[in-house]
Amino acid sequence: MTDHIAATDTVTGSVPSEQTESQSYDPRAAQDRWLPVWDALELYEPGKRPGPRSYILDMFPYPSGDLHMGHAEAYAIGDAVARFHMQRGEDVLHPIGWDSFGLPAENAAIKRGINPREWTYSNIETQAESFRRYAPSFSWSHRLQTSDPDYYRWQQWLFTRFLERGLAYRKASPVNWCPKDQTVLANEQVVAGRCERCGTQVTKRTLTQWYLRITDYAERLLDDMTALEGTWPSRVLLMQRNWIGRSQGAEVDFVVSGGPSDGQTITVYTTRPDTLFGATFAVVAADAEAALELCAPEQREALEAYRAEVAGLSDLDREATNRPKTGVPLGITVINPVNGEHIPVWAADYVLAGYGTGVIMAVPAHDQRDLDFARAFGLPVRVVLDTGEADPHESGVATSGDGVIVNSGPYDGRSKAEAIATIIADLDAAGTGKATTNYRLRDWLISRQRYWGCPIPVIHCPVDGMVPVPDDQLPVTLPDMRGEELSPKGESPLASNHDWLHVECPKCGGPAERDSDTMDTFVDSSWYFIRFASPNYTDGPFDPDEVRKWLPVDQYVGGVEHAILHLLYSRFITKVLYDMGMVEFTEPFRALLNQGSVVLDGAAMSKSLGNMVELGEELASYGVDAIRVTMLFASPPEADVDWADVSPTGSVKWLARVWRVAQDVAAAGLDQGEPATGDQAVRRGVHAIVEENTRLMEGFRFNVVIARLQELTNLLRKAIDSGAGAGDPAVREGAEALVRMLSTVAPFTAEDCWAAMGHDVESGDSVHLAGWPTALPELLVHATVTCVVQVQGKVRERLEVSPDISDAELEALAVASDGVVKALAGRPVAKVIVRAPKLVNILPG
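Numbering-wise (UniProt numbering), the sequence shown opens with residue 1 and increments by one.
Hint data in this document are derived by calculation from the structure and do not stem from the laboratory.
Be careful, since some hints might not be right.
Unchecked claim - Derived SDA-like pairs (lysine to any residue); straight-line CA-CA distance at most 25 Å:
(1) 831 with 793
(2) 325 with 289
(3) 838 with 691
(4) 325 with 162
(5) 718 with 677
(6) 507 with 162
(7) 489 with 205
(8) 838 with 780
(9) 822 with 780
(10) 507 with 163
(11) 204 with 565
(12) 180 with 677
(13) 325 with 305
(14) 325 with 377
(15) 111 with 121
(16) 204 with 323
(17) 831 with 714
(18) 111 with 485
(19) 111 with 677
(20) 171 with 150
(21) 822 with 235
(22) 204 with 172
(23) 180 with 110
(24) 204 with 308
(25) 507 with 473
Stated by the list, open to error - Using C-beta positions, here's what the derived DEER-type ranges look like:
(26) 677 with 616: 28 to 38 Å
(27) 580 with 780: 43 to 53 Å
(28) 389 with 412: 16 to 26 Å
(29) 24 with 545: 48 to 58 Å
Note that beta-carbon positions come from the ideal geometry of N, C-alpha and C, so glycine has one too.
Working from the sequences, and respecting the hints, build out all of it.
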């Protein structure tokens with residue numbers, strides 16, 4: 001894309017000699033000048049503004065190193081939101097902290113021969129210093145780290161309360177196991193069968209693990225999302241609904257014939273009871289205990305060999321539709337309750353132990369995976385729903401749509417919906433089935449076999465069994481372990497620290513052992529937003545009065561990669577706390593804004609790929625404000641920013657022009673009269689942009705806000721140079737409005753301009769306390785022209801613009817408009833044809 005704002009010729013913001021307006025603009029000097037002043041004024045601490053309270057929260061970072069380009073975008077967005085709320089007079093809580101437990105720190109400690117705390121807290125201080133230079137409007141007095149004992153003490157306290165309520169429990173189950181990291185992985189941490197952290201092929205392993213009973217809240221987690229519609233992105237709500245996966249169906253009892261369980265009943269869950277007459281075999285999850293319990297003795301060896309094969313597959317691999325179907329017969333049959341047929345039972349990998357009862361009835365004519373299995377092993381295929389499509393046995397394509405029931409005895413001729421209701425009623429009457437709601441959601445596996453995490457506050461006693469650590473003995477802190485002591489050994493490194501492991505039982509005083517697992521870091525981040533309201537509170541996990549004052553979060557900002565798990569777990573924890581009477585709300589985040597990623601030439605930045613852009617170098621070259629503006633101007637927040645397509649030099653040049661406008665207005669003096677006595681054409685232009693930018697800020701269209709600020713800069717420059725002059729009170733009003741709006745995206749430059757125009761910042765008259773400008777309705781009626789914006793000749797946007805708008809201004813507005821951004825879908829711009837004020841045609845590369 002052509003940079004239509006002139007580029008600077010040095011990294012300090014100076015411009016070619018014929019462009020004198022920016023020669024004195026020095027972004028680094030502004031940074032050095034105002035940071036200590038803001039610290040002294042404590043501008044961003046809650047209580048500085050008398051208006052209504054707002055809690056603006058960015059998803060907190062992991063301290064893996066210094067801040068990077070992704071942080072620059074994410075926190076520029078969150079800060080623009082927070083500063084806008086502040087400028088509207090709201091008392092804002094905008095805290096910062098670190099999600100500081102986790103495996104990367106442990107691996108780094110092993111490599112360096114140190115304790116993970118050293119690596120973690122060194123990185124935290126590095127990031128904290130970089131944050132201070134980047135100057136988000138954080139309340140530093142509300143800072144926390146999840147690896148601080150003062151934090152995880154209360155996490156252990158909450159775990160104990162969950163244990164008392166039956167919401168935390170321990171059981172043996174097959175889990176995803178990373179052989180390299182030597183730890184359990186949740187399903188979502190397995191990508192294409194490999195560990196998302198290290199890329200190692202994941203295996204299955206049976207371990208006794210801790211779980212939180214999130215399934216008890218599945219219905220509420222699903223139903224309560226209706227209250228979030230319109231304030232959360234629709235795709236996030238859809239992803240959560242799909243993850244919870246509610247389905248209506250029936251549990252059907254089949255009697256076993258043969259094998260060690262002969263005569264016993266197994267229960268099958270199905271969403272399609274209308275197809276019961278089409279069930280020609282049953283399938284048990286190969287890794288389910290039921291497979292071993294049902295298997296005939298002569299098939300036991302084959303089953304165990306098959307289970308060993310399945311152990312090397314992730315659940316995602318097993319559910320893939322394009323994998324060849326495999327399985328072994330169990331040597332038994334079950335009796336179909338609707339027709340008395342004996343159908344064979346197989347063990348297969350495409351059925352998961354955690355779904356329903358771990359056993360399915362297979363209806364190959366109307367389920368593609370069942371059909372693929374039946375064709376692979378020569379099993380019968382019986383059509384029981386006539387949809388008018390080809391016979392699945394011949395076509396190889398299962399039919400699953402609506403139709404008329406056939407080959408189903410007394411139910412023939414009925415519709416699918418009618419048959420479902422009737423068969424469920426008949427099963428219930430016969431005592432062989434019942435209507436059931438099932439969920440895809442599984443209980444939350446929180447055990448991790450690593451050191452650098454929150455210890456699970458439980459003691460195992462041979463006499464008293466599982467005993468919670470008493471509250472007055474919390475926190476259970478981590479012992480000092482480092483380097484090779486932390487190396488993976490197939491169990492938690494804590495199990496090898498006998499001084500820490502062996503303790504007295506709190507009940508009987510006899511010898512006992514601590515639980516050596518630590519909690520998944522998702523637990524740490526599932527309640528941090530509540531602790532932020534009172535991070536130094538010592539009488540509980542949070543101060544109820546402060547939580548009542550600030551929570552729930554008014555605006556949450558973060559990446560869509562956390563759309564499911566972090567948000568789902570936070571919602572779950574909040575609902576439990578509500579049920580415990582500890583909070584008065586059931587949803588933690590009133591509104592959610594997702595940001596995209598920062599990439600380079602269409603690819604994610606990576607040191608291994610050699611395509612990293614270092615944030616520190618960019619800040620040193622262009623200054624904080626220019627990087628912020630570039631990030632926000634490049635695209636709407638939810639879209640990716642390709643750093644190859646943007647130019648911070650243009651941002652420096654524009655900020656320098658704003659700075660010169662302020663200098664010229666300042667030089668004209670303060671006492672110029674009321675704005676109403678000034679140039680009314682200028683006033684109408686100013687107030688129109690203020691009114692539009694107010695709406696744009698509310699809708700998070702920061703890219704268009706900046707385009708409008710550039711338009712306002714040009715309007716004022718033209719008025720100063722060839723019209724009313726810098727001393728016109730309407731020009732001064734416009735310059736102050738420009739700087740106040742600019743403060744949300746370029747805080748240093750805005751403060752510099754504000755001070756230049758006569759405001760005593762050191763005494764508290766900061767632009768960041770000045771308030772958002774207000775547009776006067778009587779000044780909003782003015783002539784505009786409709787500009788048609790095309791992409792490759794196709795109309796994608798219509799803009800209302802000033803009749804005398806320049807080509808450069810119109811191009812900036814067009815390229816930044818929502819319709820154009822959506823139509824380009826990330827493609828670069830090769831050429832822009834501008835016919836101001838009525839036409840812009842954009843040609844992508």
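Hints versus structure:
no., hint, result
1, 831 with 793, "12 Å, holds"
2, 325 with 289, "21 Å, holds"
3, 838 with 691, "22 Å, holds"
4, 325 with 162, "41 Å, violated"
5, 718 with 677, "19 Å, holds"
6, 507 with 162, "20 Å, holds"
7, 489 with 205, "14 Å, holds"
8, 838 with 780, "21 Å, holds"
9, 822 with 780, "29 Å, violated"
10, 507 with 163, "17 Å, holds"
11, 204 with 565, "22 Å, holds"
12, 180 with 677, "75 Å, violated"
13, 325 with 305, "16 Å, holds"
14, 325 with 377, "9 Å, holds"
15, 111 with 121, "17 Å, holds"
16, 204 with 323, "18 Å, holds"
17, 831 with 714, "23 Å, holds"
18, 111 with 485, "11 Å, holds"
19, 111 with 677, "71 Å, violated"
20, 171 with 150, "29 Å, violated"
21, 822 with 235, "16 Å, holds"
22, 204 with 172, "13 Å, holds"
23, 180 with 110, "13 Å, holds"
24, 204 with 308, "9 Å, holds"
25, 507 with 473, "13 Å, holds"
26, 677 with 616: 28 to 38 Å, "49 Å, violated"
27, 580 with 780: 43 to 53 Å, "51 Å, holds"
28, 389 with 412: 16 to 26 Å, "18 Å, holds"
29, 24 with 545: 48 to 58 Å, "50 Å, holds"
The structure is inconsistent with the numbered hints 4, 9, 12, 19, 20 and 26, although it conforms to all the rest.
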